[in-house]
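2 protein chains.
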Amino acid sequence: MRKVLMLILDGLGDRPCRGLGWLTPLQAAEIPSLDLMASKGLTGLLHPVDVGVPPGSDTGHLSIFGYDVVREYPGRGVLEALGEGVDLGQGVAFRANFATVKQVNGKLVVIDRRAGRISGEDAEELAKEIEEMDLLNGEVKAEFRHTLEHRGFLVLRGEGLHPEVTDADPHEVGYPVIEPQPLVSRAEKTAKALSEFLREAYMRLKDHEVNRRRESEGKPPANIVLPRGGSSKVSLESFQDRWGFRPAAVAAGPLYKGVARALGFDVYHPPGATGLPDSDFDAKVSKAIDLLEEYDFVFVHVKGTDTASHKRDPELKKRVIERVDLALERLVDPPEDLLIVVTGDHSTPSELGKHTGDPVPILFYGKGLRRDDVPNFDEMSVILGALGHLKGRDVMPLVLNLSDRALEYGLRPTSKALRYVPKASDLKPFRV
Amino acid sequence: MRKVLMLILDGLGDRPCRGLGWLTPLQAAEIPSLDLMASKGLTGLLHPVDVGVPPGSDTGHLSIFGYDVVREYPGRGVLEALGEGVDLGQGVAFRANFATVKQVNGKLVVIDRRAGRISGEDAEELAKEIEEMDLLNGEVKAEFRHTLEHRGFLVLRGEGLHPEVTDADPHEVGYPVIEPQPLVSRAEKTAKALSEFLREAYMRLKDHEVNRRRESEGKPPANIVLPRGGSSKVSLESFQDRWGFRPAAVAAGPLYKGVARALGFDVYHPPGATGLPDSDFDAKVSKAIDLLEEYDFVFVHVKGTDTASHKRDPELKKRVIERVDLALERLVDPPEDLLIVVTGDHSTPSELGKHTGDPVPILFYGKGLRRDDVPNFDEMSVILGALGHLKGRDVMPLVLNLSDRALEYGLRPTSKALRYVPKASDLKPFRV
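So the protein sequences, as listed, match chains V and H. The numbering of the first sequence is our numbering, which starts it at 1 and goes up by one. The numbering of the second sequence is our numbering, which starts it at 1 and goes up by one.
Just so you know, not all the hints are guaranteed correct.
Identical copies go unnamed one by one, so any copy, or any two together, can satisfy a pair.
Claimed, not checked - Below, simulated DSBU-like cross-link-like pairs (lysine-lysine); rule was C-alpha separation at most 30 Å, straight line: (1) LYS233 <-> LYS189; (2) LYS391 <-> LYS354; (3) LYS233 <-> LYS192; (4) LYS391 <-> LYS367; (5) LYS219 <-> LYS102; (6) LYS391 <-> LYS40; (7) LYS428 <-> LYS354.
The hints are simulated quantities; they were obtained by calculation from the structure and are not laboratory data.
Isolated chain V (complex conformation) (with noise of 0.2 Å):
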C-alpha cells in the first residue's frame, strides 16, 4: 500500500492567452518535473464537478475528495468560517468580500467585486469598523472577520436563523447589490437581518477616512462587504470514516483549510506559506514530505495560480507555476511506496478573471504504474492521456486503486469496505 501526496493548484487550467502566443501559462511554463512526471505517469483531464460545470473552489474540492456537491455541499460561509476556527453553533455563516459600489438611484451598482484587491492595513481598519453589529434591534449578533486581501466572511448569530437566503452578491460587475430573499419561509428572519447589514456597512464604510484616502490615491474604496454562500453548521462524514487515509493539509487560505477541517483533516500552515502568488512553495512540498511520515494521505494547496488568473494575469500564473514545479524537483524520483497526484480544483482562464468549466489537466504519478505517451502536462497534452475524462467522483475510487488500497467490488469485510480496505484494528476478532 502506497502513500499519497495530492497537489491541488487552484484554478490551473486556462484557455489560450494571446498574451503567451496563445498558449496556456501551464503550456508556456517551463516545468520539467511536471513533464517528467506526465511523461512517466498516467494523465487525463479531470471535470472536478461535472462537464461543463465551473466549479467553486470549495465544490471543486469536496468533489475531487469524493464528496457528492449535489447532497453534500454544506455552503461556504461555513468552510471560511472553519478556516479561521470560528465553531458556528447555531449561527450562519456567509463568505463575505470587500467590494466598490457606486450609489445609483437608490440601488449600489457593483463597480469591482473585490475592492481593487484590498489588503494588509486598509483591509483590517475597515473590518474594525464593522466587526459587530447589533441587528434586528439586538435580536441578531453580526460578526464579520477579515481574512486573506479582500476577504472574510460574516457570522450572523441568534434564534430562528436559517441560512437558504440568496446572495447579496450579484457576482458580475455592473449589477446592483441584491436584496436578500429567503429561499425558505424559516429564512424571513435571517434576509431581514442580512438587509439591515448591508445598510449598516454601507453607512459605516462609505465615508471612512481610509476610503477618502484609497480615492484621492485612485483606488476603488472598499465601501461594502457582500455576503453570499449562506450556511450553518456542518456534518460531514470524515474522510478517514470515508476513505481509510489518515489525512493532513498543507494550506494557507481560510476557505481551503475550512474545507480539510469539515472533512477531519489535521491542517498544517507553514511558514513562509502565504496563499499569495508569492508563497514558500518549498516549505510547503517540505512540509508534506514530513508529515507523510506520520500521516498517509497529504494534500497540498497552493492558492497562487487562481489569484494570479484572477488578476488576469497569465505571465504571473506561469511564473507561479514554474515556482511550484521548482519545489516538486526533489519528487521526481519518488519512494516506491509514495503515489503523487497533481491536478486542479477548476479552470480559471486567466483573461477572463472567472471561473469556467473547461477541464484541468490531472496525473498521478508512483513506480510500477502504467504510463501514457504524453509528454507534457497541460491542457492539450493529457487529451490523448490513459485516463481519459475524469469526474471529480472518479479521483478518489483511482487513488484508492493506485495505492494499492481498494478492495475487490463484492467483498464487505465490513459495509464500508466498498470504499477502503479497513485495518485489521478496525474489525473484531472472532474469539473462540
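With chain V fixed as given, assemble chain H onto it according to the hints.
Below, chain H alone, put in the same frame as chain V:
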C-alpha cells in the same frame, strides 16, 4: 457572454459506404468551412441519448437541449401536432405516416412504411378522405393532418382518452399492423377508437382512385396510415427558464418546429426552406444570423441529411452536407461574441436507411476557446478531440460554459442559479 448558433444536421452520422469508397458521407464530402471550424475548435463524439441508443429525431433533439428523455419525453404525436400549430386540448395525438399494406389471411402486412415516400397531390387527396371521422358512435372525433411527404398526425378528441396505447406501426416491414392495446386501463377507450380508425382508414383508402392509379404506375399505394407515439398535451419547462437563453428556431420540418414550440422557442420558417434535401440552406443560415440580433440562442435544423439517409442515398447525403458547408462559409470568421455548435441528433447510416446508436461528431467553435489538433469534421477524426465522448445531457452545460454564462457551482443568487446566470432583471436590487 456569447450568443449561440446551434446547427443540427438530422441523421448526420453514418457508417462507411461502399458507394463512397468506404468513406462516410461526411468523410467523402468537400467541407472546407466545417473542417476549418474543427481545426480551430473543440471536437468530440456525441451520444445524443446514451451509448448505443438510437435516438428518434424528437428524443435526440430534446436530449441535446438538456431535457431528460426518460422523465420528460412527452411522446411524438403531440410534438407533430405542435409543429403544425394544433392545440391538442384534452385530446391525444399520434404521429401517423402513410404506408403500404397487403392483406394476408385477414392481417395487414406492412410492405412499405412510407408508401414510396408519397408526397404532393397524391398525399393531399388521400388525406382528405380521412381528415375527419366519427368513432365509437360519435363519442370520439378523429382528425388526420398530412404534413411533409408521407408524414402526418392523428388527433383523437373526446371524453376519457389516454395516450398510453401500443403503436399500430410495427416499425419494420414484413410484419403485420398491430392491434392497438391499452398500456394502462384508462387507455381502453383510446385503443378501441384507434382500432376503429385503422379499419375505417383502410376501407376508405384501399380502393381509392389515387391508389389505383399509383398501382398502375408501379408505385406503392398509400392504403393505410399507421399511428404511433401516442401523447397528450405537453408541459415541459421552457428552454428559457431552464437555461436562461431567449431562443429562436429556424426549421421547416413539422416535428422540429413542434419540439422547438414545446420548449418555448420562437419558430421561423424562411422562404426556400423545404425540410427536404433541396432546401435553401443559405436562406436558413442568413435568417439565423439575422435572428442573432434579437435572440441569444438560435437553433438551425437541417432535415435533408436524414432524408437522404432514409432514401439510402449516400451520394445525395454527401451533396446535402456540401451545400450546408457552403452556406456556413460566412461563419468561419465569426464575431468574438458568438459560439457556434455543429452536430447531429443521431446517426442514420445511409446504406442501412435507419437510425442507429452510433455517435455523431460535434464541434464547438468560437474565438479564444481551447482548440484541439483535429483537422477534419467527421466521425473518425473527432475521436482524438478534446471533448472525448459526450452524452446529450452534457451539451447545454458545455454551451453555458463556452458562452461564458455558467455560474460557479455553489453560488446561489436564486434557486435556479445552479443552471444559468440570472439576468440582473431577475433579481430584486437592494436599495439604500
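Tell me, in ascending order, the numbers of any earlier hints that this structure violates.
-> none
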